[in-house]
Amino acid sequence: MDDDLDFDIPSVEDLQKEEYASDIHRNDNDASMNILAQGAVLKGNINVDGELKIYGKVIGDIISSSGVFIGETGVVEGNVKSAGMEVSGTFRGNAEVSGEFLVSSTGRIFGDLVIGTLNVNAGAMMRGKILMNIPEPVVPEMVPVDFEPAEDAIPEHNGHAARS
1 MDDDLDFDIP
11 SVEDLQKEEY
21 ASDIHRNDND
31 ASMNILAQGA
41 VLKGNINVDG
51 ELKIYGKVIG
61 DIISSSGVFI
71 GETGVVEGNV
81 KSAGMEVSGT
91 FRGNAEVSGE
101 FLVSSTGRIF
111 GDLVIGTLNV
121 NAGAMMRGKI
131 LMNIPEPVVP
141 EMVPVDFEPA
151 EDAIPEHNGH
161 AARS
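Just so you know, the sequence shown maps onto residues 1 to 164 in our numbering.
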């Protein structure tokens, strides 16, 4: 057997009791939860319905209808588009996240982000540009008004305008 394929796969019990990801990505309507185990390497693009948890390495782009979580042992080298994202491992690429982007104290980001909200814990490292998707403020349209006082608006007293 090839030694490169010898790695520890976390048990379901270990994944359930470890608090790798917050509930920001959890959605009871998710079609599924997808897990790439520690030691696994996937080269290629991923498009998933539901949440994706990465403890191994992904070389390629990721699209998730829910959220992407990169565990402490996880590495992603590619672009990500998702509703939410949490990074505890290493992310090299650009991300477009409509909701919350969370970087834990062990997270390492190398790339540009277009996100809804940002939460960065002390100890995290980030290198790149961040653009928050903040809605443009609604500015009322200014309508020019021609204003001429009516002739009878200022009463006259002996041929002069009355003063208050």
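Take these hints with a grain of salt, some might be off.
Cross-link-like lysine-lysine pairs, in silico, DSSO-like; alpha carbons within 30 angstroms at most [what the hints assert, rightly or not]:
| # | residue 1 | residue 2 |
| --- | --- | --- |
| 1 | K81 | K43 |
| 2 | K57 | K81 |
| 3 | K43 | K129 |
| 4 | K81 | K129 |
| 5 | K43 | K57 |
| 6 | K129 | K57 |
Quick list of the computed label-pair ranges, beta carbon to beta carbon [stated by the list, open to error]:
| # | residue 1 | residue 2 | range |
| --- | --- | --- | --- |
| 7 | I63 | G39 | 15 to 25 angstroms |
| 8 | V41 | I130 | 27 to 37 angstroms |
| 9 | E141 | L42 | 44 to 54 angstroms |
| 10 | G50 | G116 | 44 to 54 angstroms |
| 11 | K129 | I59 | 35 to 45 angstroms |
| 12 | I59 | M142 | 30 to 40 angstroms |
| 13 | G123 | V41 | 39 to 49 angstroms |
| 14 | E148 | L118 | 47 to 57 angstroms |
| 15 | E136 | G39 | 39 to 49 angstroms |
| 16 | N45 | V114 | 15 to 25 angstroms |
| 17 | F147 | L118 | 39 to 49 angstroms |
No lab work stands behind these hints, which were simulated from the structure alone.
Treat the numbers as computed from the prediction; the structure is a model and nothing was measured.
Where is the CB? At the ideal position from N, CA and C, for every residue including glycine.
Evaluated hints:
no., hint, in the structure
1, K81 to K43, "17 angstroms, holds"
2, K57 to K81, "17 angstroms, holds"
3, K43 to K129, "26 angstroms, holds"
4, K81 to K129, "16 angstroms, holds"
5, K43 to K57, "8 angstroms, holds"
6, K129 to K57, "23 angstroms, holds"
7, I63 to G39: 15 to 25 angstroms, "24 angstroms, holds"
8, V41 to I130: 27 to 37 angstroms, "29 angstroms, holds"
9, E141 to L42: 44 to 54 angstroms, "52 angstroms, holds"
10, G50 to G116: 44 to 54 angstroms, "19 angstroms, violated"
11, K129 to I59: 35 to 45 angstroms, "23 angstroms, violated"
12, I59 to M142: 30 to 40 angstroms, "53 angstroms, violated"
13, G123 to V41: 39 to 49 angstroms, "27 angstroms, violated"
14, E148 to L118: 47 to 57 angstroms, "53 angstroms, holds"
15, E136 to G39: 39 to 49 angstroms, "46 angstroms, holds"
16, N45 to V114: 15 to 25 angstroms, "19 angstroms, holds"
17, F147 to L118: 39 to 49 angstroms, "47 angstroms, holds"
Checked against the numbered hints above, the structure breaks hints 10, 11, 12, 13 and satisfies the rest.
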